[in-house]
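Colleague: Here are the chains, one letter per residue:
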Amino acid sequence: MTEDQNQLLESEAHPLDGFLREGRIPHIFCPGCSLGSITNVLIEAINESGIDPKKVAVVSGIGCTGRIAGYLNFDSFHTTHGRSIPFAIGLSVTDPERKVIVISGDGDLFAIGGNHFIHAARRNANITVVCVNNFNYGMTGGQAGPTTYVGQFQTTAPYGSLEEPFNIPNLAASCGAVYVARYTALDVRRVKEAFSEAIAKNGFSFVEVLGSCPTTYGRRNQLAEGKKILEFFAEKTVLNHDADTRDVQIDKNSPIIVGKFVDIEDKPTLTDNLLALQRVSQAKKG
Amino acid sequence: MSKQKQKFLEVSTGEHFTTGNHAAAEGALAVGCKFFGGYPITPSSEIAEHMALRLPQLGGNFVQFEDEIASIIGILGASWGGVKSMTATSGPGYSLMVENIGLGMMTETPCVIINVQRGGPSTGLPTLVGQQDIMQTKWGAHGDFEPIVLCPNSVQECFELAIEAFNYAEKYRLPVTLLLDETLGHMSERLIIPDASKIGKVERKKPKDSPEEHLPYKPDDDLIPPMAVAGEGYRVMVTGLTHDERGYPDLNTKTQDKLVRRINDKIRLNKKDIIKVEEYMLDDAEFAIISFGSVARTAKGAVNRARKKGIKVGLLRLITIWPFPNERIEALAEQVKKIYVPEINYGQITREVERSVHGKTEVKGIFKLGGAIHNPQEILKEIEGDA
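Line by line, the protein sequences are chains A and B.
Going by our numbering, the first residue of the first sequence is number 189, and it counts up by one from there.
Going by our numbering, the first residue of the second sequence is number 16, and it counts up by one from there.
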C-alpha cells in the first residue's frame, strides 16, 4: 500500500467530500443499492470534465434516484414526479454556458415523465439525462413500472408482469438523442466513461444505467442481495457497441445488450437554435 | 420613433389599439420577462403568439412545450436560471399546472401565469367567456399557501396588472396569476404605454452574504428569503419536500409548521400592499354591487342607470381576487342593505362575499353559467326589485 493510500485510510475526509452536501449524509439508500456507486462516478465524471462547478446544475424528479440531486453540492433541484426534464430545459436555455444534468429513475422518466423525455430528445435540448433503471418503483414499495419485463414479479404484478417494457435506448435514439449508452451498475468504469462522454456532448445525451435494487425488485425475483443482482448482470450482459437499438429490448431470458449505441456530432441544439433565432430576428435592428 | 425600431424595445411606448391578450404580453415584456414557456389553448393563444414574435427580438427565449405541465415547470426552471418567466393558458391548462404551481409556492419561485378564462367544467366553452377559475386559482393545488391573483377589466389594465403581477412575484417570491377572461382577452380598445422610465420594476432580493454563509431559505424580517439563483456560486438546493433554512429536506412537524406558516404569512401580513379595489359611487350607497373582470364593466352601467332612477347604488370592483378583500367587504356590509354579486359562474365570489359579511347584510348572487356577460339591465332588474 502506498503512502498516499495509507493517508487516505487514516483521513476522516473523503476525496470527493466537497462535492457532497455537508449534513446530508447518511443517504437513504438500502444496503446493496447501486445508487451510491452511480453517484460516486457521476461526481468523478463532473469533476474530471473541467467544467466550472458554478456552471453545473443537477435536476431530479421523485423516487430513490430522484434523491441524488439533493446530495450533490452543485446547484441542485429536486422537482415533482416526472418533471425534471422541462425544469432542466428552463435552466439550460437561460444560460448557454450552463451544463444541466438530469438524473432520475425509470418510472419517473418513462412513465409519468415519458412525454417530456421524447420531446426533449426531439428538440435536442442541451441537457444530459441519466436514467437509473431498477425495473420497478423502489421508493413506493416495489410496484411494476414501464421497464418491468414480462414475467417479473412486483407488488402490483403478483402473477408476473403482463406488459412489454420500453426499450429505452431505442426510444431515445428514435426521438433524436445525439448520444445513447447503456451499462450496468456492475461496470462502473464504463458507466463513468459514458457519463463523461455524455456530459462533454452538446445536445440531448442519454445514459441508461441498469441498477441493483435488492429490496423491492430482487426479493421478489430470486435476487434478494445486491451482489446477486450484479452477478445476474455479469452473467447476462453482452457488450456490443454496434448493436441496432431495436434489438436491445430487455426480457427475462435473453442476454442484456450494453454499449454505446449512438454518438452523433454537430447537431444544432435547442439553445443553438434559440440563439440563432435571436440573431436573425434582431438583424434589422440597424 | 418608427414602428420598425420600436419593435426592438421592451417598452412599446405610445398609443395602441389592441387586445387584452396582446396588452398583457406587452406588460410582461415591459417589466423584463425574458422566458415564455407555453402550450396553445383557446382563448389565450394570442399571448403565446405575441411572445414568440417579440421575445427573440429582445434577447429572450420562447419555448412551445409539449403540454401545460412542462410549460409551468419550464418557467420555474427558467426563474431559477435567473430570468423573469411566464406562461399563459386557460382553465383546462391551468388545471394541469396546479401541481407545479404548488411546487412554485413551496420553493418560493417567482413567475407569472396568465389564465384567460373560458366556460367550464372540462372542455366547456372554449371560445366563450367564463369566470369559473376563481376557486381553482385559490385551492387548485394541495397544501396550504396564499396565492396572489389579479383580475383586470380593461385592455389598459391587462398591461398594467401584468407588470404588477411580475412585481408581486419578484417581491414576495411566488407564482402570481393574472386572471383575464375571454371577453377581455379578445376585445380591442385603447392602450397607452408610458415611457420606459415610468415602468415601475421590482427585482427579487439578492443575498448579501457569501456562498459559505448563505442559508437559501432563511428569511429576512419581512419573512422573504433573498434569492440566489443557479450559476452564482451559491450552490442552491431546491426541493418541493418540506425543507429547513439550508433548503435541506427535513421531514418533521416542527419544520413543516415553521415553513408553511411563513410562506402563508408573508402574504397575509402584506394584504394591504397587495389588495387593490376600485370604489365607484359607494359613499352614499344603500345598495352595492361587487364585481370583477369584464362583468364589472356592465355592472358599472347598471350603477349609472340605477342612479338616474334615483336608486343609491355603488360598485366595489375587485382588482385583487386573492388574497380576498374581506375587511373592505365587511365594512361595506355595515353600510348597505344588500350586496349583489354578478359573476359568470355558479357562485364562487358570492360564497366568499357571504363569508366576509358575517350576516351583516343580505348577499344575492346573479349568476350566468358561462358564455356571455351580464347585460346591465339584468343586474338593474334585480336591484329595482328590492329598491
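It is worth saying that the hints were derived from the structure and are not from the lab.
Honestly, I wouldn't trust all of these hints.
Claimed, not checked - Pairs of lysine-lysine, BS3-like flavour, derived with a Cα cap of 30 Å:
#: 1; chain 1: B; residue 1: K353; chain 2: B; residue 2: K323
#: 2; chain 1: A; residue 1: K242; chain 2: B; residue 2: K287
#: 3; chain 1: A; residue 1: K389; chain 2: B; residue 2: K213
#: 4; chain 1: A; residue 1: K472; chain 2: B; residue 2: K216
#: 5; chain 1: B; residue 1: K223; chain 2: A; residue 2: K243
#: 6; chain 1: B; residue 1: K213; chain 2: B; residue 2: K273
#: 7; chain 1: B; residue 1: K216; chain 2: A; residue 2: K455
#: 8; chain 1: B; residue 1: K213; chain 2: B; residue 2: K327
#: 9; chain 1: A; residue 1: K472; chain 2: B; residue 2: K233
#: 10; chain 1: B; residue 1: K269; chain 2: B; residue 2: K291
#: 11; chain 1: B; residue 1: K315; chain 2: B; residue 2: K220
#: 12; chain 1: B; residue 1: K216; chain 2: A; residue 2: K242
#: 13; chain 1: B; residue 1: K22; chain 2: A; residue 2: K472
#: 14; chain 1: B; residue 1: K221; chain 2: A; residue 2: K242
#: 15; chain 1: A; residue 1: K242; chain 2: B; residue 2: K22
#: 16; chain 1: A; residue 1: K242; chain 2: B; residue 2: K213
#: 17; chain 1: B; residue 1: K49; chain 2: A; residue 2: K243
#: 18; chain 1: A; residue 1: K242; chain 2: B; residue 2: K223
#: 19; chain 1: A; residue 1: K243; chain 2: B; residue 2: K396
#: 20; chain 1: B; residue 1: K220; chain 2: A; residue 2: K243
#: 21; chain 1: A; residue 1: K472; chain 2: B; residue 2: K353
Colleague: Is the Cα-Cα distance between B/K269 and B/K291 30 Å or less?
Modeller: 34 Å, violated
Colleague: Would the pair B/K353 and B/K323 pass a check requiring their Cα atoms to be no farther apart than 30 Å?
Modeller: 19 Å, holds
Colleague: Regarding the pair B/K49 and A/K243, is the alpha-carbon distance no greater than 30 Å?
Modeller: 20 Å, holds
Colleague: For A/K242 and B/K213, compute the direct alpha-carbon distance and say whether it is at most 30 Å.
Modeller: At roughly 36 Å apart (the allowed maximum being 30 Å), B/K213 and A/K242 break the hint.
Colleague: Is the straight-line distance between the alpha-carbon of A/K242 and that of B/K223 30 Å or less?
Modeller: Holds: A/K242 and B/K223 sit about 18 Å apart, inside 30 Å.
Colleague: For the pair supplied as a hint, B/K213 and B/K273, is the alpha-carbon distance within the 30 Å limit?
Modeller: Roughly 39 Å between the alpha carbons, so the hint for B/K213 and B/K273 is violated.
Colleague: Hey, B/K221 versus A/K242, does the alpha-carbon distance stay inside 30 Å?
Modeller: Roughly 17 Å between the alpha carbons, so the hint for B/K221 and A/K242 holds.
Colleague: Just to be careful, I want the Cα atoms of B/K216 and A/K242 compared with a cutoff of 30 Å; is the pair within it?
Modeller: It holds: about 28 Å lies between the C-alpha atoms, which stays within 30 Å.
Colleague: Decide if the proposed pair is consistent with the structure: A/K242 and B/K287, CA atoms, cutoff 30 Å inclusive.
Modeller: Distance of about 39 Å is beyond 30 Å: violated.
Colleague: For a C-alpha distance cap of 30 Å, please report whether B/K315 and B/K220 respect it.
Modeller: Outside the cut-off at roughly 40 Å; violated.
Colleague: Decide if the proposed pair is consistent with the structure: B/K223 and A/K243, CA atoms, cutoff 30 Å inclusive.
Modeller: 21 Å, holds
Colleague: B/K220 and A/K243 were given as a pair; does the straight-line alpha-carbon distance stay at or below 30 Å?
Modeller: Distance of about 21 Å is within 30 Å: holds.
Of the numbered hints given earlier, the model fails hints 2, 3, 6, 7, 8, 9, 10, 11, 15, 16, 19, 21; all others are met.
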